[in-house]
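K.L.:
Construct the entire structure; sequences and hints are all you get.
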Amino acid sequence: EGRGDHIHDTICSGCYSGTLRFWCKDCFGTELCCHDCVVSTHTKNPTHRIQEWRGSYFVTVSLKKLGLRVQLGHPAGVKCLLPKRAFNDDFTLIDTNGIHEIGLDFCGCETAQTHTRQLLRTAWFPATTTDPHTGATFRILEQYHILSFESKCSSYEFYHTIARLSDNTGLYPRKDHYEAFMWMVRECRHLKMLKRAGRGYDSAGVESTASGECAVLCPACPQPGKNLPDNWHDVPKENGTWLYALFLAIDANFRLKRRIVSKDSMDPSLSRGWAYFVETAYKTYLQTCSGNTQQKSTCSSHNAVNMADSKVLHGLATTGAGTIDCARHNMKLPNGVGDLQKGERYSNMDFLFFSALRGRCIDTLNVSYDIACQWHKNLWQRMSTMPLDLRLDHLAIFVRCFVPKFHLPAHVLTCQTNFSFNFSKNVGRTDGEAPERGWSNINPVASSTKEMGPGSQRDALDDHFGDWNWKKVVGLGATLLHKMTEAKKEQEAHQTAFQELHKALVPVSTENQDYWPKKASY
1 EGRGDHIHDT ICSGCYSGTL RFWCKDCFGT ELCCHDCVVS THTKNPTHRI QEWRGSYFVT
61 VSLKKLGLRV QLGHPAGVKC LLPKRAFNDD FTLIDTNGIH EIGLDFCGCE TAQTHTRQLL
121 RTAWFPATTT DPHTGATFRI LEQYHILSFE SKCSSYEFYH TIARLSDNTG LYPRKDHYEA
181 FMWMVRECRH LKMLKRAGRG YDSAGVESTA SGECAVLCPA CPQPGKNLPD NWHDVPKENG
241 TWLYALFLAI DANFRLKRRI VSKDSMDPSL SRGWAYFVET AYKTYLQTCS GNTQQKSTCS
301 SHNAVNMADS KVLHGLATTG AGTIDCARHN MKLPNGVGDL QKGERYSNMD FLFFSALRGR
361 CIDTLNVSYD IACQWHKNLW QRMSTMPLDL RLDHLAIFVR CFVPKFHLPA HVLTCQTNFS
421 FNFSKNVGRT DGEAPERGWS NINPVASSTK EMGPGSQRDA LDDHFGDWNW KKVVGLGATL
481 LHKMTEAKKE QEAHQTAFQE LHKALVPVST ENQDYWPKKA SY
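At position 464 of the sequence shown the residue is numbered 464 (the numbering used here), and the sequence of numbers has no breaks.
I should point out that these hints are in silico values taken from the structure, not numbers from a laboratory.
Note that the structure is a prediction, hence the values are computed from the model and not measured.
Possibly wrong hints are sitting among the right ones.
[Claimed, not checked] Calculated lysine-lysine pairs in the DSS-like style (CA-CA distance at most 30 Å, straight line):
no. : residue 1 : residue 2
1   : K192      : K283
2   : K425      : K472
3   : K405      : K471
4   : K25       : K44
P.N.:
Below, the structure written as structure tokens:
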């Protein structure tokens, strides 16, 4: 932490004239240099951390105080004839190695772009569009973006980690830029979602984005015009229309609650139903169902059914979230996520179910729900109260309801027979428990999202659901290959077991009726 091998050096090796006083913590090597050299060599690295030797110790000093001015709108090192300093010459930049004071000059030439665009062209994201005096580098926004997905690190923890990299002694209090950092994070991930969905190429603009258009779709689910043959609709049922069946799984998560913080008018969502959360029509429909009483369960005493209207709020704006997933590949469906105001009410889950199916052209639909034995009753009657664009032609669709395999033993015997995947054809080895696997990924986010406003929470969860779907898409090839390899091994094992059983059986003559078992009575 001292001058190391350069303790006896006195002349700067860069200019051979200056006094050795400065070294950079972020540049390669530990050589010291003079004042002029440290400024000139950091023209393209204004966020490096500089330390000055004070005779017996180093002291952190900013490049701004050393005289470095960062000129935007021109190549690095080229001065503008009409420079305009940042507002009050006070610009703060958040980077991966700390929070920095920057001596910033905007270009004031006649052909100069706006201050916001000049910052973006430098890969700095401004916190405001008018007189920006706070920004963040693209790299720190991307770093936090990925880190929040993988470690579920909150923005508060991340920001204060960066702040402590700037000063871990507490002797030099800095202005808090946490709120500005949150603005930039939210805006940046929203813009990335639009960019990745190709919305920048639409001549009609971002405003023409359709509901669910920015969601990452499951490439293995049936999507006419994308992954199905042109004549898929004309295939006879006996020839395998089950190949084009859609498997859905319904579930609710009561960890994703939200406290009464702000309101929609003060904190609206930026995406407005463009990804996974449903649009404003959801709340409008729920208001029309507010007086409806949910029918009690005729199966086991399911709390999801019997306590749907009695969920304790205690300062909560929402008690959780309901979701519609792809039951085979465990991906969130567009417009298949919504807030729960009380418990797992049919009105909430019905809207999410029909919203996720809107615009889909399917012939066969398999639905997995842990209370499917109760939920499926009067489903089409309840559908008649939905908005017209959500209603299905259920007479033209073959619909089956199932209870997930892990939840099935909690049901009465009749349900265990009628709603079992194991006793149904053309469903493979589907277990219907896909949503339960996804909760382990999203639950750690709940500790931070529960303190957000309504729009901020929806945007944050949309972002995490999009990353979950993307990782599923990236790993789908390896996943399917693994499953096919395992299926081949299991097929060979079962064939061997069946052949051994078949050889061990003694042929019985049909003329001897005593060998036939009597018909069981029920």
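K.L.:
Please name the hints from earlier in the document that this structure breaks, with their numbers sorted from lowest to highest.
P.N.:
none
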